[in-house]
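Protein chains: 4
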Amino acid sequence: MENRDAILRRLARIEGQVRGLGRMVADEAYCVDVLTQLAAVSKALDRVGFEVLTDHTNHCVRDAVERGGPEAQERVAELLEAVERFARTR
Amino acid sequence: MENRDAILRRLARIEGQVRGLGRMVADEAYCVDVLTQLAAVSKALDRVGFEVLTDHTNHCVRDAVERGGPEAQERVAELLEAVERFARTR
Amino acid sequence: MENRDAILRRLARIEGQVRGLGRMVADEAYCVDVLTQLAAVSKALDRVGFEVLTDHTNHCVRDAVERGGPEAQERVAELLEAVERFARTR
Amino acid sequence: MENRDAILRRLARIEGQVRGLGRMVADEAYCVDVLTQLAAVSKALDRVGFEVLTDHTNHCVRDAVERGGPEAQERVAELLEAVERFARTR
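Sequence order for the protein chains is A, B, C and D.
Residue numbering for the first sequence follows this note's numbering, starting at 1 and increasing by one per position.
Residue numbering for the second sequence follows this note's numbering, starting at 1 and increasing by one per position.
Residue numbering for the third sequence follows this note's numbering, starting at 1 and increasing by one per position.
Residue numbering for the fourth sequence follows this note's numbering, starting at 1 and increasing by one per position.
So here's chain A without its partners, still in its complex pose (with noise of 0.2 Å):
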């Protein structure tokens, strides 16, 4: 991946994140503020998805289609795959 090390310092960020919020549990934190605290978690996860699939359709894709034949197919089906799920979970 091209933007690697700015994917790999927000993932160190949200698992302090996420740590973060086991402490505020841990310390009997008020509910109202362990959720929006998770949501903000939440936020910054799907924004490294997003980057993730900027990056991958940016490359992988664009070189299959470009290179044309069956891989295309199959690489434009799997992303739009990937893009589903990814919409889902939210």
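One thing to keep in mind: the hints can contain errors.
[As the list claims (entries may be wrong)] Ranges between beta-carbon positions, derived for each pair:
hint	chain 1	residue 1	chain 2	residue 2	range
1	A	D33	D	G69	50 to 58 Å
2	D	G20	A	L80	24 to 32 Å
3	A	E28	C	D33	48 to 56 Å
4	D	D27	A	E66	54 to 62 Å
5	A	L80	C	D63	43 to 51 Å
6	D	A26	B	N3	37 to 45 Å
7	D	P70	C	K43	26 to 34 Å
[Stated by the list, open to error] Stretch-level coverage of chain A by chain B, calculated; a stretch enters the list once three of its residues show a Cβ under 8 Å from a Cβ in chain B:
hint	segment
8	4-16
9	24-35
10	52-61
In case anyone wonders, no lab produced these hints; they're calculated from the structure.
Virtual Cβ for every residue (Gly too), placed ideally from N, Cα, C.
We have chain A already, so just place chains B, C and D on it with the hints.
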């Protein structure tokens, strides 16, 4: 929270999944596999959110409504805001 | 419902927007414009859902919780299921 | 669009469902039933969005990428923006 231990176990598992995602990206795993795993983590996070919301509604909100008065009003408004935030991030 | 007239007006506008989407597709509008308009209608529908949820929580659920007893339990469980369904479809 | 007739039929059905929602609200149907039906309409709308996206990717975007040049770049960027908007509204 009543189900605190279960929530803490889920959060610990999610933390491990996020770390695993970092390893996948570092090892140049196929983007579509990264997206599939991201969707799984996102779903697991949503389930934690829903459990916190359930616990909060069954305890803090119900207790406040049973006691009545201005605090009941406030707790219900706060709950609805949390639901809105929770639903929007997906 | 307390805000029934406002909800009915919103639904009438959404019905018109869906009809407009049909015209766009029939007239071979550019796909990206169709997607943008679909996203707007989907958002408008979510807002109606959120208003119905707010009204329901502020009336049926609060009344049941104030009266107490097994019906309160049932109404809160039903509310949480509705929130789950509402959040999942996005 | 290749599957234009199927999309038009789906939109006509959704228009009828939105009209039905108006009748439910006017007839004071139980809020939870209104929410359940709203979730069904929202899901149906998402399916239309996904079909439009699929059609667009398989035709406009693939054609542009096969031809190459700056238009390919533009079509892929536009597709990713549409996916982002589509995913955010859920």
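Structure-based check of each hint:
1. A/D33 to D/G69: 50 to 58 Å: This hint holds: roughly 51 Å between Cβ atoms.
2. D/G20 to A/L80: 24 to 32 Å: Hint holds: Cβ distance 31 Å, inside 24 to 32 Å.
3. A/E28 to C/D33: 48 to 56 Å: 50 Å, holds
4. D/D27 to A/E66: 54 to 62 Å: 57 Å, holds
5. A/L80 to C/D63: 43 to 51 Å: For C/D63 against A/L80, whose Cβ atoms are near 47 Å apart, the range 43 to 51 Å holds.
6. D/A26 to B/N3: 37 to 45 Å: At roughly 41 Å between Cβ atoms, B/N3 and D/A26 fall inside 37 to 45 Å, so the hint holds.
7. D/P70 to C/K43: 26 to 34 Å: Distance hint for D/P70, C/K43 holds at roughly 32 Å.
8. 4-16: It holds, with 7 qualifying residues against the three required.
9. 24-35: With 7 residues close enough to chain B, the hint holds.
10. 52-61: holds (count 5)
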